[in-house]
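Enquirer: Keeping their order, the protein sequence lines are chains X and H. Take the first sequence: its position 99, counting from 1, is numbered 99 in the working numbering, and each next residue is one higher. Take the second sequence: its position 184, counting from 1, is numbered 184 in the working numbering, and each next residue is one higher.
Don't take each hint at face value.
[What the hints assert, rightly or not] Derived DSBU-like pairs: lysine-lysine, alpha-carbon spacing no greater than 30 Å straight-line: (1) X:K268 / H:K182; (2) X:K238 / H:K31; (3) X:K60 / H:K182; (4) H:K131 / X:K238; (5) X:K154 / X:K4; (6) X:K68 / H:K182; (7) X:K71 / H:K131; (8) X:K254 / H:K131; (9) X:K60 / H:K31; (10) H:K182 / X:K206; (11) X:K99 / H:K31; (12) X:K99 / X:K137; (13) X:K213 / X:K151; (14) H:K131 / X:K4; (15) X:K4 / H:K31.
[Said to hold, decoys possible] Anything over 12 Å on all C-beta distances counts as not near chain H; from chain X, calculated: (16) D45; (17) A58; (18) T62; (19) K71; (20) K91; (21) D100; (22) G120; (23) G125; (24) L155; (25) K158; (26) V172; (27) S181; (28) A252; (29) I272.
[What the hints assert, rightly or not] Short, incomplete list of chain X residues facing chain H, as computed with Cβ under 7 Å: (30) C76; (31) A180; (32) N183; (33) Q257.
Just so you know, these hints were derived from the structure itself, not from any lab. We treat Cβ as the ideally placed atom computed from N, Cα and C, and that holds for glycine.
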Amino acid sequence: MNRKQFFSGIIAIFFVMLMAISVQADSKSLMMATTTSTDNTGLLDYLIPHFEKETGIALKWTSTGTGKALKLGQNCDVDVLLVHAPPAEKKYIASGYGKDRREVMYNDFVIIGPAMDPAGIKGKGISEAFNMIKGKKGIFISRGDDSGTNKKEKLLWKNAGIQLPDKEKWYVQTGQGMLASINVAEERKGYTMTDRGTYIKYNSQKGGNAPLKVLVEGDAILLNQYSVLTLDPKNCPKAKYELALKFSDWMASKNAQDLIKDFRLLGKELFIPNAK
Amino acid sequence: MDFIVAGFVKAIELLISGDNSTWTAVWATLKVSTCSMLLSVGAGLPCGFLIGYFDFKGKKHLRTILDTLLALPTVFIGLAVYAFISYQGPLGELGLLFTLTGIAIGQTILAFPIVTAITASIIENIDQDLKLTLVSLGAGKRNIIATCLWEVRFGILTAAVTAYGRVLTEVGISMMVGGNIKYSTRTITTAIALETNKGQFADGIALGVVLITIAFIVNLSLSFLRRQ
Chain X
1 MNRKQFFSGI IAIFFVMLMA ISVQADSKSL MMATTTSTDN TGLLDYLIPH FEKETGIALK
61 WTSTGTGKAL KLGQNCDVDV LLVHAPPAEK KYIASGYGKD RREVMYNDFV IIGPAMDPAG
121 IKGKGISEAF NMIKGKKGIF ISRGDDSGTN KKEKLLWKNA GIQLPDKEKW YVQTGQGMLA
181 SINVAEERKG YTMTDRGTYI KYNSQKGGNA PLKVLVEGDA ILLNQYSVLT LDPKNCPKAK
241 YELALKFSDW MASKNAQDLI KDFRLLGKEL FIPNAK
Chain H
1 MDFIVAGFVK AIELLISGDN STWTAVWATL KVSTCSMLLS VGAGLPCGFL IGYFDFKGKK
61 HLRTILDTLL ALPTVFIGLA VYAFISYQGP LGELGLLFTL TGIAIGQTIL AFPIVTAITA
121 SIIENIDQDL KLTLVSLGAG KRNIIATCLW EVRFGILTAA VTAYGRVLTE VGISMMVGGN
181 IKYSTRTITT AIALETNKGQ FADGIALGVV LITIAFIVNL SLSFLRRQ
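Bound-form chain X, shown alone (with noise of 0.2 Å):
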């Protein structure tokens, strides 16, 4: 090999290399901002296919806290959002960046702990619970994420009369995804809150004996919605709203209700259709 091959044999590697890359340009297609918790139960996974087959239309997500989903709506740089945080919702719908809400489907939030129960908990009310966490000094694993789960665990501790215990060193934030959150409260045998959803994925990973279990549940304020929002055309002039009002559509759909009905692990169904 001379050195006239060598260097032209690069400079054509180099070319093919480039123009293969170039011609696997990202498609078009509807992007969606999400939550962990409907990424990680691999509910997402069992339904889009559904909705591209159905639609035609191709669906992209990424997962990450419903905080950050908004903000991402917000910048535009997403087309739509699947999120849990009403009161944020309804607010940022008012502030102009959100168009149309719709209910798709709930669960409910439960708190859980490791089976020995340290602090004492099991079936004691949320602010009770949340009290003798405290007094106990019980380590509680937050997602510190500004999330959904995250937003509604410190308006929990608020309405348990407690200043959030931001510097305690008893409490933990993790600022991963939900399902991250439950594996440290493992490791580190604490306590958590969590969907219902996704303490079943993390049940069934472990084979239905998870070493965390529910100990707190059932109160009204737990209740877990999740919506589907467009984005304001006015605020985000590129978005694909018309897509995006598609998805919204199928998702309260009955079809799709149905496929979230039957969408379970260990016999349990993990999210609960309510679309009207």
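Fit chain H to the known structure of chain X by using the hints.
Expert: This is chain H only, laid out in the frame that chain X set:
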């Protein structure tokens, strides 16, 4: 301990069964890192050559800056690129956020100082006698430069492979700019981060094995090239 063994078994399973999500992640990783590596070599090689070949005022300072850039954290590059290509950012109109192109931009910024610094070093270390000999033989400038480049061809390959290794294994930029979108911008590294987060260690290990295999193949082909 079981999940570590299970990971290796699963790696083989995933690859042989042609699991779609695994292969799209492998393909996305190869595509984006190859693109970034080529772009950074394209830009870094001439820059490194100029810095290494010529003597000029402030060269030492430039080298210091360049060496500092070698330590650029990927999350910072991710943040900066994110800020620029977000719809609200200066390049927002291009719609590059959550695309492989966006990741490639960030990775090119990551790899550029590596290629430049390595190229500059090897050019600096060329035997000064070579230049003198060439000049005394009456070689033109063009000829001298071409001969110098030829002499350091393996050094340049090393620069390219080092850059490739860096972009192949980074996770910060891919995660922040790419958004870890399944079948689209999910690369092997972001997939590993996700699987670990979900507590699916076996899947994570499986993908790690794939990544190491790719790195191995790249280095193997390099040593093959050397022997030629």
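Enquirer: Determine for every hint whether it applies to the structure shown.
Expert: Right, here's what the structure says about each hint:
Distance hint between K268 (chain X) and K182 (chain H) is fulfilled; the C-alpha atoms sit about 26 Å from each other, no more than 30 Å. Note on K238 (chain X) and K31 (chain H): the hinted pairing holds, with a Cα-Cα distance of about 28 Å set against a maximum of 30 Å. Proximity of K60 (chain X) to K182 (chain H) is assessed by CA-CA distance (about 7 Å); at most 30 Å being required, the pair is judged to hold. The suggested pairing of K131 (chain H) with K238 (chain X) is violated, with an alpha-carbon distance near 58 Å, which exceeds 30 Å.
Of the pairs offered as hints, the one joining K154 (chain X) and K4 (chain X) is violated, with about 67 Å between alpha carbons and a cut-off of 30 Å exceeded. For the hint linking K68 (chain X) to K182 (chain H), the alpha-carbon distance of about 18 Å falls within 30 Å, and the restraint holds. Proposed proximity of K71 (chain X) and K131 (chain H) is contradicted: the alpha carbons are some 58 Å apart, above 30 Å. With a CA separation close to 78 Å, the supplied pair K254 (chain X) and K131 (chain H) exceeds the 30 Å bound.
Distance hint between K60 (chain X) and K31 (chain H) is fulfilled; the C-alpha atoms sit about 19 Å from each other, no more than 30 Å. Between K182 (chain H) and K206 (chain X), the direct Cα distance comes to roughly 24 Å. Compliance with the 30 Å bound is thereby established for this hinted pair. Distance hint between K99 (chain X) and K31 (chain H) is unfulfilled; the C-alpha atoms sit about 37 Å from each other, more than 30 Å. With a C-alpha separation of about 43 Å, the suggested pairing of K99 (chain X) with K137 (chain X) is violated against the 30 Å cut-off.
With a C-alpha separation of about 22 Å, the suggested pair K213 (chain X) and K151 (chain X) falls inside the 30 Å cut-off, and the hint holds. Taking the CA atoms of K131 (chain H) and K4 (chain X), the gap is about 20 Å. The hint holds against a cut of 30 Å. Taken as a hint, the K4 (chain X) and K31 (chain H) pair is honoured in the structure, with Cα atoms around 28 Å apart against an allowance of 30 Å. Not every Cβ of chain H is farther than 12 Å from the Cβ of D45 (chain X); the closest lies at roughly 7 Å, contradicting the non-interface assignment.
Some Cβ of chain H comes within 12 Å of the Cβ of A58 (chain X); the nearest lies about 9 Å off, and the non-interface call is violated. Against chain H, the non-interface label of T62 (chain X) is violated: not every CB pair exceeds 12 Å, the least being about 4 Å. For K71 (chain X), the requirement that its beta carbon stay farther than 12 Å from each beta carbon of chain H is not met, with the minimum near 10 Å. Chain H leaves K91 (chain X) outside its interface by the beta-carbon criterion, the shortest separation being 20 Å against a cut-off of 12 Å.
Once the 12 Å rule is applied to beta carbons, D100 (chain X) is consistent with being away from chain H; the minimum gap is 20 Å. Consistency note on G120 (chain X): stated as away from chain H, and its beta-carbon is indeed over 12 Å from all of that chain's, at 27 Å minimum. The beta carbon of G125 (chain X) sits about 30 Å from the closest Cβ of chain H, which is more than 12 Å, so the claim that it is off the interface holds. Consistency note on L155 (chain X): stated as away from chain H, and its beta-carbon is indeed over 12 Å from all of that chain's, at 25 Å minimum.
Every CB of chain H lies more than 12 Å from the CB of K158 (chain X), the least distance being 28 Å, so the non-interface label holds. Under the 12 Å C-beta cut-off, the non-interface status given to V172 (chain X) relative to chain H holds; the minimum distance is some 16 Å. With a cut of 12 Å on Cβ distances, S181 (chain X) falls inside the contact zone with chain H, its closest approach being about 9 Å. At roughly 24 Å from the closest C-beta of chain H, the C-beta of A252 (chain X) stays outside 12 Å, upholding its exclusion from the interface.
With a minimum CB-CB distance of about 23 Å to chain H, I272 (chain X) clears the 12 Å threshold, and the non-interface call stands. The interface hint given for C76 (chain X) holds, since its Cβ lies 4 Å from the closest Cβ of chain H, which is under the 7 Å cut-off. For A180 (chain X), the interface hint holds, since its Cβ comes within 7 Å of a Cβ in chain H; the closest pair sits about 4 Å apart. Annotation: N183 (chain X) was flagged as interfacial toward chain H, and the flag holds, the nearest CB pair being 4 Å apart, inside 7 Å.
This hint is violated: Q257 (chain X) has a C-beta 23 Å from the nearest C-beta of chain H, more than the 7 Å allowed.
Hints 4, 5, 7, 8, 11, 12, 16, 17, 18, 19, 27, 33 from the earlier list are contradicted by this structure; the remaining hints agree with it.
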